[in-house]
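Take the sequences, apply the hints, and build the full model.
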Amino acid sequence: MSGFFSKNKLGFLKKFSKDFVFSVLALVIYNGALQLFIYPGMESAMGKKPFGIVLFLISVVSIMGAGFGTAASYSRMMAKKARTQENGDYNIFLLIVTVICIPVTYAALYVKNILKVEVFIPVLILMVLTVYRYYADVQYRMDIRFRDYFLFFTAVTAGYVIGLFVYPYLGSWTWVLILGEMFGLVFTYFSGRIFKSPYFKLSDSFRANMKSVWFISLSNLLGALILHSDRLLISLTVGEEEVTIFYTASVIGKIVALLTTPLNGIFISYLTNYKIKLTRKIFSVVTGAALIITFIGTFACMFVSDIFVKIKYPDVYADAAKLFLTANLGQLLYFISGSLMVVILPFTGEKFQLYINGVYVALFAVIVIPAAIMFGLSGVALGLVLVNILRFAIVYVIGMIGVKKTEE
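Positions in the sequence shown are counted from 1; adding 193 to them yields the numbering used here.
These aren't lab readings, by the way, just hints derived from the structure by calculation. One should not assume that every hint holds.
Unchecked claim - Derived pair list, reagent style DSS-like, types lysine-lysine, alpha-carbon separation capped at 25 Å: (1) K505 - K515; (2) K503 - K241; (3) K597 - K242; (4) K274 - K394; (5) K274 - K597; (6) K597 - K273; (7) K389 - K404; (8) K404 - K505; (9) K241 - K309; (10) K309 - K207; (11) K515 - K242; (12) K515 - K503.
All of these numbers come straight from a predicted model, not from anything done at the bench.
In structure tokens:
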């Protein structure tokens with residue numbers, strides 16, 4: 194790394210900064226439209242109880258996308274650094290996930306007692322498209338093309354916005370999101386190669402790639418379950434209206450925290466494309482800075498939440514205001530520790546992410562679920578803060594151990 198920076202430091206920093214700006218803009222446009230325009234528009238049209246059910250189903254869809262689609266993306270990035278890889282390796286994986294989506298969709302609708310063909314088919318389509326769209330961004334990370342990454346998310350956002358405008362004529366909220374996912378996939382097809390032939394050509398590292406992608410999938414699924422636990426757990430233990438209340442209380446924290454996603458993408462791109470060395474000192478400084486930013490960000494989120502929720506969700510403001518501090522802090526802690534996990538991924542390997550999230554799920558079961566049953570929304574909020582603090586600490590310790598091994 195030292196030789197690389199000594200010759201190209203200015204050019205490297207310039208490119209990194211440019212890529213970061215494009216990546217942030219992509220997620221600002223995407224999440225800004227989704228959280229500030231699409232979701233409020235849907236809640237206003239259907240009411241807080243039906244919207245609570247929609248949030249539950251969107252969470253299940255997002256868990257599948259983040260669990261499997263992002264896993265395929267990260268696995269292919271890791272393969273680019275250490276192994277061979279072909280489209281077929283990941284297309285086969287995605288086809289298997291497509292089949293898995295069928296019983297998952299069935300179970301989600303069964304739990305909500307809305308198991309109807311006219312609901313099942315569009316939710317299934319949305320889930321499958323979302324998985325593929327989460328995977329699609331690997332095209333731009335793999336080639337470090339963050340300008341196209343920005344255009345990719347712009348296409349997705351444009352589809353969502355068009356979907357919201359035609360929502361009254363489509364008959365189902367699912368088509369609002371389906372249009373966005375389709376726009377993104379079409380853009381990737383024409384601007385990249387991951388969805389083009391040869392579709393099922395396998396690399397020499399096929400078995401290693403499959404092992405990698407399933408390891409990361411299990412880890413991501415555990416993490417995504419916790420990320421969306423506020424909707425899933427509250428929906429199952431407290432009520433549908435309370436899902437909307439907690440969502441609105443934490444929405445600004447979610448928006449701000451999701452800005453860590455561009456950092457994750459850039460970290461994994463640069464760490465797998467360049468021989469960058471991470472030391473314990475640098476990792477400690479990064480971790481400390483992340484923690485400081487988390488607490489400063491929490492108070493900023495509280496201030497913005499008070500204004501935003503009062504304007505966009507006036508029907509739930511009184512109840513949501515009580516949770517602004519804990520709900521936003523929990524969100525930021527989760528995402529910051531997730532960013533640190535991405536940073537240490539090339540130095541610790543895929544299996545440690547699975548271990549970390551496995552411990553996280555165990556802590557969640559022991560702390561948050563009982564708190565939700567006994568104390569309702571406030572119990573969920575406080576429980577999530579506690580388990581995310583513990584997750585942060587675990588990631589730091591494992592990261593230090595992994596980085597130490599690379600120094601020796």
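Tested hints:
no.: 1; hint: K505 - K515; verdict: holds (17 Å)
no.: 2; hint: K503 - K241; verdict: holds (15 Å)
no.: 3; hint: K597 - K242; verdict: violated (50 Å)
no.: 4; hint: K274 - K394; verdict: holds (19 Å)
no.: 5; hint: K274 - K597; verdict: holds (21 Å)
no.: 6; hint: K597 - K273; verdict: holds (24 Å)
no.: 7; hint: K389 - K404; verdict: holds (24 Å)
no.: 8; hint: K404 - K505; verdict: violated (45 Å)
no.: 9; hint: K241 - K309; verdict: holds (22 Å)
no.: 10; hint: K309 - K207; verdict: violated (53 Å)
no.: 11; hint: K515 - K242; verdict: holds (20 Å)
no.: 12; hint: K515 - K503; verdict: holds (13 Å)
Consistency note: the structure conflicts with the earlier hints numbered 3, 8 and 10.
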